[in-house]
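Colleague: When you get a sec, could you build the whole thing from the sequences and use the hints?
2 protein chains.
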Amino acid sequence: MKRPDGVGGSAADILIPRLHTGAGDSGGGLHEPLFAGNERKYVTECIETGYVSSVGSFVTRFEKALAHYVGASHAVAIVNGTSALHLALVAVGVKPGNEVIVPGLSFVATASAVVLAGAIPHFVDVSNKTWGIDSADLRAYLIASFRREGERFMNKETGRPLTAIVPMHTLGHPCDGEGIKAVAEEFGLAFVEDAAESLGSFSGVKHTGLAGNAGVFSFNGNKTITTGGGGAIVTDDAELAARLRHLSTTAKIPHRFEFDHDAVGYNYRMPNINAALGVAQLEQLPDLVERQRSLHRKYEEALGDLTIGNLRSESPGTTSNYWLQAFLLESELAPQRDDILNGCLDAGIPVRPLWKPLNTLTPYSQSPSAPTPVVADLYSRVICLPSSASLVS
Amino acid sequence: MKRPDGVGGSAADILIPRLHTGAGDSGGGLHEPLFAGNERKYVTECIETGYVSSVGSFVTRFEKALAHYVGASHAVAIVNGTSALHLALVAVGVKPGNEVIVPGLSFVATASAVVLAGAIPHFVDVSNKTWGIDSADLRAYLIASFRREGERFMNKETGRPLTAIVPMHTLGHPCDGEGIKAVAEEFGLAFVEDAAESLGSFSGVKHTGLAGNAGVFSFNGNKTITTGGGGAIVTDDAELAARLRHLSTTAKIPHRFEFDHDAVGYNYRMPNINAALGVAQLEQLPDLVERQRSLHRKYEEALGDLTIGNLRSESPGTTSNYWLQAFLLESELAPQRDDILNGCLDAGIPVRPLWKPLNTLTPYSQSPSAPTPVVADLYSRVICLPSSASLVS
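As given, the protein sequences belong to chains U and P, one line each in that order.
In terms of my numbering, the first sequence opens at residue 2 and continues consecutively.
In terms of my numbering, the second sequence opens at residue 2 and continues consecutively.
Please note: incorrect hints may appear among the correct ones.
Pairs count within a copy or across copies, as identical chains cannot be separated in the list.
In silico DSBU-like cross-links for lysine-lysine, where the CA-CA straight-line distance does not exceed 35 Å [what the hints assert, rightly or not]:
id : residue 1 : residue 2
1  : Lys182    : Lys157
2  : Lys96     : Lys207
3  : Lys96     : Lys253
4  : Lys253    : Lys130
5  : Lys357    : Lys42
6  : Lys130    : Lys42
7  : Lys253    : Lys299
8  : Lys357    : Lys96
9  : Lys253    : Lys357
10 : Lys157    : Lys299
11 : Lys42     : Lys182
12 : Lys299    : Lys357
13 : Lys253    : Lys157
14 : Lys157    : Lys42
15 : Lys157    : Lys96
16 : Lys357    : Lys207
17 : Lys207    : Lys130
18 : Lys96     : Lys42
19 : Lys96     : Lys299
20 : Lys65     : Lys130
21 : Lys207    : Lys299
Just so you know, these hints were derived from the structure itself, not from any lab.
Modeller: Next up, the structure:
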């Protein structure tokens, strides 16, 4: 039951005491890692055996455990999420000069990976339900903005071919992977899922990252699990997995002693010492996700009755890892967003806004873009809340 | 004093017993890391404090210690050597479609980094003295093969501009950095030194990697020191260092809470946990280099009197880290190279040849190349010997 939050107080005055007493008073960063398992043991094992580099059993163990957890046939461990996305795009066939559909709302790496592959991000709006790409809207936009030329879809304005779609599961909440898959198939596009934020999130019983040709995870220090820096690509396509594995090294042809290479390799493999950390973290993943979900309940208790806005809760039919807890201000309070952010930070509560819309950033200002009113709206009034797993016990 | 090595025996029959009894009977890999210092302590500290990612004090400590050791003003820690070379090329101004001079003799990463930057490697021969690019030969080749067009030098055959030179210090032995610097200046070319193998190697009193606009090191598991996977870029140019640091992250503009980015970032920063390993390894670098030099003396004792070939020793005026010990067979024994390699491997002695000449590899077969007779000759008769620091105490 909602009740008025108070009379005459600013949104910051209302929100900050609730965060202090109820949840989120971390005294630390926005999303800090928790090492409560075998991290020290496995990392020490690496050092004692001398296997710290990309030759080492923890890389294979990490890949197998990750593939098993998400239900993919193959996982390839990569040096970080950006590089994983870059390599996945190359491996599914994105070529320099191609356009790639990217949501206007995402961490900048979604767009930069496209540029690193030599391609051009083409931004689209997101749904105000999932905060990710909506498949019906996407389909309508593609029909209106691209024309078929033989096997390819060309941008009517730029004349460039569209070759891939990269949706992202914002803050850990699954968007419509299956719907986007159908659009990708209809238009003959490669489909790479940016699941950097959504390890532990499911649409129905299907883990995010499995709907497309390949799915990408990040294990940066602020993610649900961390390997220091790290990422991974999952796929059910054995041939694609083999290509990813080959290109993520130096593309060396197996030989007893000869150094021969049949492609340009990226040297993007995750080192063994980082994978050791990852194996220990994966062992705790169910607990870490449960902590985030429990933290969400704690925020519901603290903020659920406020009328100044609403907590972002999981969409029907999905199970979210609640990677980053978020509070959506009522529209009329959007002008107070910066005051709230500054007020919280002044009070020692680590908050942040959503990312600036990608199509407003200098390096992407020349990239094609659909109108993105929902991106602009969400950006104007979302407050991301402290989300470290240590905030609940 | 040389004496005949025996009558009627093959080169393998002569070499293998000497390696077994004298040196190199490692029972392990060709070049394995040695962790005898604070590796466990520092890595454990990372885990206990939670700082394992790119935010963390070990990255800064590693950069400062590395810069101090080599005598550079700035060092930027990167996720691996290939990525460091890629980013250095981008930061010094190499553009897609440019040509970049690369030695035909190098690990494949020297060429792949050029391709990752969108440019085309242009291979040149090496000197049979330094096993790296010779500045006089390079100058003569550039004059013959390129023509000046305004500020630029264009390949007479391909019409593409030449923008950079990337020499490499083969197996740790310094090549003519100062001479190449003069050529780079004469032709207005950027100069990036691939010092991946030469941490601890000096020309006179100057450390390798300092002659050019930027120098690149690798800390892969097989290098003199390791960070698991890792690399670094050193430079005396403060503006270049700032650009490298900015591009190696997500190119975020500093702000209390806003996510704004003014360039396409590479996300190539070294994680803190890898830097922790690196700080511990750097503390032992003088000892690790002394071990390699001592191992060379051990090989001199074991193999120095053989007439079937010669150990690779440091060139006059240089101090080598002897990263990889090497034995150069007499020319007439080149046809026995593979027998020796197989014989050693069968006997449990981890050896390998030099890398296949880069201009013979499939992905670079269409790249322009000078004639490379010295590369071909060295490739045909060098045996790289076991070089782990643990082979001496």
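Colleague: All the hints need checking, so say for each whether the structure fits it.
Modeller: Hint by hint, here is what the structure shows:
Taking identical chains as interchangeable, the C-alpha atoms of Lys182 and Lys157 lie at most 35 Å apart only when both belong to the same chain, with a minimum of 23 Å there against 49 Å between chains. When the C-alpha separation of Lys96 and Lys207 is checked against a cutoff of 35 Å, the pair qualifies only within one copy, where the shortest distance is 30 Å, while the shortest distance between copies is 43 Å. Taking identical chains as interchangeable, the C-alpha atoms of Lys96 and Lys253 lie at most 35 Å apart whether they share a chain (22 Å) or sit on different chains (26 Å). Proximity of Lys253 and Lys130 under a CA criterion of 35 Å is satisfied inter-copy only: 28 Å between copies versus 46 Å inside one chain copy.
Taking identical chains as interchangeable, the C-alpha atoms of Lys357 and Lys42 are never at most 35 Å apart, the minima being 40 Å within one chain and 40 Å between chains. For the identical chains of this complex, Lys130 and Lys42 are neighbours neither inside a copy (43 Å) nor across copies (48 Å), given an alpha-carbon limit of 35 Å. Within a single copy, Lys253 and Lys299 get their C-alpha atoms only as close as 51 Å, which misses the 35 Å cut-off; across copies the closest is 32 Å, which meets it. Taking identical chains as interchangeable, the C-alpha atoms of Lys357 and Lys96 lie at most 35 Å apart whether they share a chain (27 Å) or sit on different chains (28 Å).
In this assembly of identical chains, the alpha carbons of Lys253 and Lys357 lie at most 35 Å apart only when taken from different copies (11 Å versus 41 Å within one copy). Taking CA atoms no more than 35 Å apart as the test, Lys157 paired with Lys299 passes in neither setting, with 49 Å inside one copy and 70 Å between copies. For the homomeric pair Lys42 and Lys182, neither the shortest alpha-carbon distance inside one copy (41 Å) nor that between copies (48 Å) is at most 35 Å. Proximity of Lys299 and Lys357 under a CA criterion of 35 Å is satisfied intra-copy only: 28 Å inside one chain copy versus 61 Å between copies.
In the homo-oligomer, the alpha carbons of Lys253 and Lys157 lie at most 35 Å apart only across protomers (33 Å), although the nearest pairing inside one protomer, at 41 Å, exceeds that limit. Taking the shortest Cα distances, Lys157 and Lys42 never come within 35 Å of each other, neither inside one copy (57 Å) nor across copies (59 Å). Both within a single protomer and between protomers do Lys157 and Lys96 lie at most 35 Å apart by alpha-carbon distance, with minima of 19 Å and 28 Å respectively. Proximity of Lys357 to Lys207 under the C-alpha cut-off of 35 Å is restricted to the intra-copy arrangement: shortest distance 30 Å within a copy versus 46 Å between copies.
Only within a single protomer do Lys207 and Lys130 lie at most 35 Å apart by alpha-carbon distance; the minimum there is 19 Å, versus 61 Å between protomers. Taking the closest pair of Cα atoms, Lys96 and Lys42 never come within 35 Å of each other, the shortest separation being 43 Å inside a single copy and 45 Å across copies. Taking the closest pair of Cα atoms, Lys96 and Lys299 never come within 35 Å of each other, the shortest separation being 46 Å inside a single copy and 52 Å across copies. With identical chains, the CA atoms of Lys65 and Lys130 are at most 35 Å apart within one copy only, with a shortest distance of 34 Å there and 48 Å across copies.
For a Cα distance limit of 35 Å, the shortest separation of Lys207 from Lys299 inside one copy, 26 Å, qualifies, whereas the shortest one across copies, 60 Å, does not.
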